[in-house]
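Sequence lines, in order, name chains A and B.
For what it's worth, full-length UniProt numbering labels the leading residue of the first sequence as 1, then goes sequentially.
For what it's worth, full-length UniProt numbering labels the leading residue of the second sequence as 1, then goes sequentially.
Mixed in with the good hints, there may be bad ones.
[As the list claims (entries may be wrong)] Sample of chain A residues facing chain B (criterion: CB under 8 Å; computed from the structure): (1) E128; (2) G129; (3) K165.
[Claimed, not checked] Below are the PhoX-like pairs computed for lysine-lysine, each with C-alpha atoms no more than 20 Å apart in a straight line: (4) K324/B <-> K159/A; (5) K159/B <-> K159/A; (6) K280/A <-> K348/A; (7) K165/B <-> K220/A; (8) K165/A <-> K159/B; (9) K220/A <-> K324/B.
[Said to hold, decoys possible] Counterexamples of contact, computed for chain A against chain B with all Cβ distances above 12 Å: (10) Q166; (11) S168; (12) R174; (13) S188; (14) S208; (15) F239; (16) T372; (17) E376.
Because the hints were derived from the structure by calculation, they are not lab data.
Model, not experiment: these values are computed from the prediction.
Backbone N, C-alpha and C define an ideal beta-carbon position, used for all residues, glycine too.
The lines below spell out each chain.
There are 2 protein chains.
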Amino acid sequence: MSYTEVKEYEPLTEKTAVTLAKSLGLFSNEILMCNEIGDGNLNLVFHIKDQESQKGIIIKQALPYAKVVGESWPLTLQRSQIEANALKQHGAIVPHFVPEVFYQDELLAITVMEDLSYLRIVRNGLIEGERYPLLADHIGEYLAKTLFYTSEFALPPSKKKEFAKQFSNPELCRITEELVFTDPFFDSESNDFEEELYDEIQSIWQDSLLKLEAAKLKRKFLTEAEALLHGDLHTGSIFANQLETKVIDPEFAFYGPFGFDVGQFFANLIFQAITGNEEKRDFILQQIQQTWKSFVNHFTHAWLHHNIDNFAEVPGFLDSILNKIFEDSIGFAGCELIRRTIGLSHVKDLEGIADKDERIQNKKAALTIGKTCILEHSRVDSIQQFIVLLQEALTGEAKK
Amino acid sequence: MSYTEVKEYEPLTEKTAVTLAKSLGLFSNEILMCNEIGDGNLNLVFHIKDQESQKGIIIKQALPYAKVVGESWPLTLQRSQIEANALKQHGAIVPHFVPEVFYQDELLAITVMEDLSYLRIVRNGLIEGERYPLLADHIGEYLAKTLFYTSEFALPPSKKKEFAKQFSNPELCRITEELVFTDPFFDSESNDFEEELYDEIQSIWQDSLLKLEAAKLKRKFLTEAEALLHGDLHTGSIFANQLETKVIDPEFAFYGPFGFDVGQFFANLIFQAITGNEEKRDFILQQIQQTWKSFVNHFTHAWLHHNIDNFAEVPGFLDSILNKIFEDSIGFAGCELIRRTIGLSHVKDLEGIADKDERIQNKKAALTIGKTCILEHSRVDSIQQFIVLLQEALTGEAKK
């Protein structure tokens, strides 16, 4: 029996994954290697390879629960469909930045896609001191194009409304709504932090101005359906080498505010600026600046050539949109910095620091910069000003 | 055969409407009166009455086209379902302000509802000098409650996302996107105006600042899914008498920005302030002020007692939301004032003025006030300030 004829959901094993790969006709060789390489939290990920031709594929299968948030947080398998559709949707816009999808099966919650194992996860590379000279240009372009071309600036509103329905993603959005935008600002059970941070955390929970801005940012996430977001664009969702960049795992995709993806990427670079030495810090800040420059260039190009809105040529409209995206991005970056430090889901950039004093010191810096981003996001006028603000915050923290 | 067993869409006649009414068991008497009372643009509306008991019902049936925008603008019958569902959704929140729905049939695009013919359409009453002493209080309450209780302030985000999908309404939204937010600001075919207004209209089309603000307001309408709106809340969608107020015709319902319904109601009152004498003007301005006061009272009450957002008690959050709603409302009111004067769809308040000079004079005032609302909407801080701004504009226009 071909594996594609299986009529009921069941988790794949390395053996059935190979059977599936063969039945799809993607390999001519009979002998295939298979390894399950997922982190086992939300999905199974099988890497299947023909040793002879060196050709490989990835089979990703959603699991019917999310281990990371405990058994109490069941997730339907629908997210597999959302991820595959987002890969296709974004892939049609920027095929060079998205893995190719070869096959998808809704019932089995399976997506079969391009093997990117010749690239490296950017978070791991950056932590180990690697540099990706084209990363900022690429991600700026990826963001500008995926966001612009899924918005009403490029799609007739009826088409966009159709996509917004298709990508309605309440379960995964709920994870972000709670773990990014709510729990870290309150004494919630899901929070996870060292007791040495307790004073700083208390000051977050008691800061009315900070919470007011966080509340407004959460509302943007809840209500502003601007473009089809990746929804989880941290450096662990990006593969790269010196020449190529590929964005994976858009299972959190939904119609949300332009600035959310940009902000998450900014924040995850900022962790590297916090943990690095002075030279690395300057390099990372330059990457942030370059990402935004690339974003502005590509977004502006798309606007000038493909904007279907009658108001497109009204003086000041493009600037006002770019300004809104920028402000929102900084605010969202602030939320990401805080939640990755004291919320449920942490980052290796900080957790990997073996020395406890140093780790705590870096976490305090992340909290301080996160707070600054949230409080100042609507007052920062330019990328230069943002970089100066980050430089000052980082230098201030380093002096402590 | 019971009429409810008909298996294919066909427009009702007065005869088949009576057959349907009888087969629903809503009348015991065999002899029923029936009149088609719709304006024939988008729907058939049958008023069925038992002369003996004086009991009546309304049968509304969607037509598969929209005459008002020509044969080139076909509309699916789905809007009948949206209207019936919105009546039920809003009716569950404010049953005293919404007609009761007795029956709906998706295939036939039929909604059978409460007969409100003992009340009067507010636009007609106001034009003829009637006053509705409770209208402002009621509409303020209607708006506050329908908007608050369909937003994430009262609904879990997953529930709201489900409703947002259910009320995705691209066809009717497109009418608003084009006829309210686009065409009047450009030399579009759909516009309709007397040549005496040409200079004023030219100045609108050439006003970059005005168009920039209009562009931003259009984007709010396109992207901000805050609450389940009525979507077409002009004074022709409201029945009233001295004691009661009922809001009908929510076929434009969708998830949009809080301020849109508020702004449309404001604008349609403003037409009465423009066309009335000084005494009426003061009365109408007082009604606008009272509507907002009532809105704030009811919205605040709902917030304090039923807000499920963790951030609900953060100081300043309620104020910032009310402020946003208010600013948006004024901007949207400005768009409505302009489009009802020079766009495709006009209002009897202005068109009914027989004297041409007077009519043109009033239309010029509507355009001036509309522009002011759009340009100033984000600078108006309070309802008092808005009333003063309207008073000044109206007095300035009267002096011309």
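These are the hints, each one checked on the structure:
| no. | hint | in the structure |
| --- | --- | --- |
| 1 | E128 | violated, 38 Å |
| 2 | G129 | violated, 40 Å |
| 3 | K165 | holds, 5 Å |
| 4 | K324/B <-> K159/A | violated, 28 Å |
| 5 | K159/B <-> K159/A | violated, 23 Å |
| 6 | K280/A <-> K348/A | holds, 17 Å |
| 7 | K165/B <-> K220/A | holds, 18 Å |
| 8 | K165/A <-> K159/B | holds, 14 Å |
| 9 | K220/A <-> K324/B | holds, 13 Å |
| 10 | Q166 | violated, 9 Å |
| 11 | S168 | violated, 5 Å |
| 12 | R174 | violated, 6 Å |
| 13 | S188 | violated, 8 Å |
| 14 | S208 | violated, 5 Å |
| 15 | F239 | holds, 31 Å |
| 16 | T372 | holds, 19 Å |
| 17 | E376 | holds, 17 Å |
The structure shown violates the earlier hints numbered 1, 2, 4, 5, 10, 11, 12, 13, 14.
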